[in-house]
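Number of protein chains: 2
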Amino acid sequence: MKRLFLLLLCLTPCWAALGDEGMWLFNQVPRQLLHERYQFDATEAWLNHVLKASIRLNSGGSGSFISRDGLLISNHHVGANALQQLSSEKKNYLKDGFYARTRDQEIRCLDMELLVLQSIEDVTTRVNAAVPADADPAAAFAARRKIIATIENESLAQTGLRSDVVTLWQGGAYHLYRYKRYTDVRLVFAPEQQMAFYGGDPDNFEFPRYDLDICLFRAYENGQPAHIADYLRVSPEGPRDGNLVLVSGHPGRTSRLLTEAELESVRDVALPFRLKYLKWEETMLDAWSARSEENARRAKQMSSSVKNNRKRGDGQLAGLLNPAVMADKDKEESAFKARLANRPQFADALAAYDKIAAAARILDQQFIEYNLIEAGQGFNCESFRFARTLLRAGQERPKPNGERLREYSDAGRATLELALMSEKPIYVDFETITLADSLTFLACQLSTDDPLVQRVLAGKTPGVRAAELIHGTKVRDIDFRRQLYVGGAEVVDAMRDPMTELARAVDSEARALRKTFDEQNEVKSQAHAALARAQLALDGNAGYPDATFTLRLAFGTVEGIQALGTELPPFTTFSGLYRKVEQMKERPPFDLTPRWVRRKGSVNMETPLNFISTADIIGGNSGSPVVDRAGDFVGIIFDSNLQALPWDYAYSDVQGRATSVDSAGILEALEHIYRAQPLVREMVIGKASP
Amino acid sequence: MKRLFLLLLCLTPCWAALGDEGMWLFNQVPRQLLHERYQFDATEAWLNHVLKASIRLNSGGSGSFISRDGLLISNHHVGANALQQLSSEKKNYLKDGFYARTRDQEIRCLDMELLVLQSIEDVTTRVNAAVPADADPAAAFAARRKIIATIENESLAQTGLRSDVVTLWQGGAYHLYRYKRYTDVRLVFAPEQQMAFYGGDPDNFEFPRYDLDICLFRAYENGQPAHIADYLRVSPEGPRDGNLVLVSGHPGRTSRLLTEAELESVRDVALPFRLKYLKWEETMLDAWSARSEENARRAKQMSSSVKNNRKRGDGQLAGLLNPAVMADKDKEESAFKARLANRPQFADALAAYDKIAAAARILDQQFIEYNLIEAGQGFNCESFRFARTLLRAGQERPKPNGERLREYSDAGRATLELALMSEKPIYVDFETITLADSLTFLACQLSTDDPLVQRVLAGKTPGVRAAELIHGTKVRDIDFRRQLYVGGAEVVDAMRDPMTELARAVDSEARALRKTFDEQNEVKSQAHAALARAQLALDGNAGYPDATFTLRLAFGTVEGIQALGTELPPFTTFSGLYRKVEQMKERPPFDLTPRWVRRKGSVNMETPLNFISTADIIGGNSGSPVVDRAGDFVGIIFDSNLQALPWDYAYSDVQGRATSVDSAGILEALEHIYRAQPLVREMVIGKASP
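Those sequence lines, one after another, are chains D and Z.
Per numbering that gives the first Met the number 0, the first sequence starts with residue 0, numbered consecutively.
Per numbering that gives the first Met the number 0, the second sequence starts with residue 0, numbered consecutively.
Just so you know, not all the hints are guaranteed correct.
Pairs count within a copy or across copies, as identical chains cannot be separated in the list.
DSS-like, lysine-lysine: derived pairs with alpha carbons at most 27 Å apart [what the hints assert, rightly or not]:
(1) 330 x 514
(2) 330 x 179
(3) 473 x 299
(4) 336 x 514
(5) 579 x 90
(6) 89 x 145
Hint data in this document are derived by calculation from the structure and do not stem from the laboratory.
Could you put together the complete structure from these sequences and hints?
Written as structure tokens, this is what we have:
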């Protein structure tokens, strides 16, 4: 970490250098720039092929098809949820890995959903036309929600494809994305988590790195492997130092177009609260995991995710606590305001800043309560999430589609039902401990005298109350959930399950927070739209919008880093891994699994394992294919370095890098360590052996 | 943890049952009660002998002399600081243990101080007489500070003994304690930390338990082993189930006499903040420790202490979030108020409740700032602590003794100088990481716009600022510290060391917080004194005061627990330890050191290792001797169970227990595992072999 602090020092003066910045919309790819800088022509055919080979996973990451027969690759940490759900005390796929040598050994995942983009349509005019210019925030929000639901529903009915209207440029544009869905997804291969996440939390967001962070699945349709026209060919060589690489994936969220006022909210309200919550949770998860191996297994997924988010949050906060970052934002904003001043046609854009600031302050004031009560952090357990969904599904579904909370709209119904009817294992002891811990946090944040806290705790300690709720609820029973979901509000009300009653007990506060949240975001949307229009009018093409967990194209160069006077090359190799194991004396998390020790002699030590590039990525890009000019798969994104954590707010390639597993390393490990020859063959020739 | 929640349920109805409650003053031992309940006569001679054999250690624990030749025993976790300070990257006494087979192998500790109580004198009348009845809080505080300093100074001059005026009953009484000091303390024996703290954080505050939590030192005077007239004979058998045991030690702090208003502050302000801070720190320490073995070694002591305090804090908060606890306090308070009502002679006692509540609210409002800025949690590193002491010593020492901040009074001078001139190793990387992390926490708590935060960070990120301060300061150099300390304010000012300048930059805020803190505590003291007087007038003997890290006598019975329908016996044995190791498959922290594996065959498996009793203890009692009727050492306190964590607020023996290492187990391990025959002989016959 000390290194991070020193490096941030150097970062500042170059903050304005953009280099390979950009998470571009597939329908607005900067072709001229790519041509000029890289002599690369992104043809329609190239783009369309890569787009259709790209996958969004509902566990929050990206992936790509790599064979005609439905084989797809993502990160181990993206597939980890599925692995955890398939595991039990006897069979730990997360820890031990998995390989289906034959088709019938492939195991169906419990609630995995793949979305594959088919088309993009700009519906901005239609959305904005439906919102009266003089509507107040509540009316404007309702009108916008309604037209969006209508567009989505029409599209679903017409095409049968999942249809999402995506808000871009914080409200500057609305695009309709249509996806093909796959829900029969089967596990084909996973390495041991220790090898996928070699170096653990200490090496997370670091480079050099030596991780085989991959997981292979197969998409099925009608009980047969899906036939995939657009899949990526896997390059046996991977990329070279200095090569152009392109990344097609789903960056989750960036905050680069936020105004200074919004960035201050992130720095002063959102990140401090999020970090306190994460560190509170992490302590509990670590303490509980230490008590037994089975505890550790049950907590593993949540624990990894919390640690990852905590390390990312620490990095982001360190970035925002750098006054130079705020000063740059301030300078940029002042300069743009000066250009808008005294030009009546931009009056709305000039006024936008104050509107955004006012909305941000309102959201700040309810930020903690919103997260605890509406986002559910105060009731952290699967049982509460089920109960809340059942309660609200009963309330929302009778309403017209356009008037429902967004997650209950017809367009999202299939996805919601998949999650609600998941057969994933849920553990009573783990549910109790996470609920007790978050109820304690809730009481600490809101004070024990708060009427909501008193209602929630019902005169008991958090631990006693959590045990009572978890033991009393039936929502972990899938048949019970189906009964409540199908029966709707009447059945939910009649059953009086303790957990749906808890959700009900906080529902009026939760909905009030949600209402303010939605309305103030509508205010911000309209203001950002005005800013986006002004930017377009003044500077032409407005670049790329902030990330929205939708498909984007990034590009960059395979390139090392200058660190403390020495040049760090962009590739690591298997020999580097084995050297590190020795240096760290095999102390966990720097140890190897027995298979990697045993097969050391079979490996070509100079094969590249991981590499870094300047491509502009962020969380959600995990599992994104890295492709070359030919559109071939040369690697898979799995991380960035610490210096790229502030990319949430501003890109810089001075020290920031995206980290990938090299395709050559993947094939080397599969062939010589896992002896998965049929898989290697399928990946190289693009179809399964008959 | 689930067990804790269930057990707390049962705790409630019996909250009022006192059993063996009491941390009694040695000059107010409940002899009649001891006689009636246990047919035990605590004679003057018995008390005086045990008192003079008892030791307070400046690392925050207790101990006792166990040989005529200065040998003393405390807990490993009390001595751990000394072990850490004597260790280096090459020699890790904390991890590997230590045994001086001969006198000249004993290693002098760097800044250990032992205090042995010699006498107690009631000075309440003199203290109160010096405080004018009509003085406002500031004047009353100043007057009280002055008379206390005068009494301490007179006593020091007359007797040469360290003299502390101790505030008892929250201000109800003032006693003068005189101590003999030993500062030449040498390490004799320590087991490996893994065996002293077997089961680590998961088993901390749990029972059954299997820890050899001991550490042996020898006190020297004039270069020779100190000659100790009053030492405890070590019992080779330890106690039996059902035996009376007595504990002579230094409980740190309890809050049993707090009013309801004060208890609410603890529940709603103090504990939530403390836990957020501890969990924030723990996450950083764990992440840093995971990076390398040497990091882990450097962070070990702080890390253990943070984990211990976090687990204790979680337990205390769970206790206070039990509404029954507050309801009992409320009932008790209402009943007492009813007895005071309409009786003019108790008007001041009746008014005391509101005064305390008002003072508590003022202290609540500045609680977070006080802890961050005056208590220094926002600047967490040794360098800052040195710098603050140097700055303030320069400012305070020229003032009259009675007007200084208490820690700079003449009575405390020797202790302050011992700590300030300590040669303990300090690590630049660890200093930087702890300072950076706490500066980040400071910014998160007070907001980046706070003028103090801006002054502290000086336009840099916490990481950059921490690195600059730690690399820039010279206070880690003992000669530099001596120069500044001897030179006083003029030299401190002239040197402009970056860390003393940081301390200076926050000093006016820090002193203002301290002033309010001292004044409001004076208000509370006077109010509590009125309550104590009323209690005494109404009920005679007022029991025992809350713990103040001064010598107390507790007593209880060796007794198992009824848990979930089965009877848990009070003793564990070596065979239980080896069984647990097997059950847990030697997974850390449930593994053994090689020595314990190797010597398994030599051990008498049925020897008791740990035992529990109903004696009333709290943090600070760690290392207290457990003695029998004869005054012989039969064990050493090292922990309590989770159910005893709420003892901070109210004692209950329904499930709460104190945990000790059995003297028989200590001798068994020393003889058969560590093969320390000369030590065993010295402990059994009470003097070293010639």
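Hint-by-hint comparison with the structure:
1. For the identical chains of this complex, residue 330 and residue 514 are neighbours neither inside a copy (34 Å) nor across copies (42 Å), given an alpha-carbon limit of 27 Å.
2. Within a single copy, residue 330 and residue 179 get their C-alpha atoms no closer than 44 Å, and across copies no closer than 65 Å, so neither meets the 27 Å cut-off.
3. Taking the shortest alpha-carbon separations for residue 473 and residue 299, only the intra-copy value of 25 Å comes in at or below 27 Å, while the best inter-copy value is 44 Å.
4. Within a single copy, residue 336 and residue 514 get their C-alpha atoms no closer than 31 Å, and across copies no closer than 47 Å, so neither meets the 27 Å cut-off.
5. With identical chains, the CA atoms of residue 579 and residue 90 are at most 27 Å apart between copies only, with a shortest distance of 24 Å across copies and 30 Å within one.
6. In this assembly of identical chains, the alpha carbons of residue 89 and residue 145 never lie at most 27 Å apart, being 49 Å within a copy and 70 Å across copies at closest.
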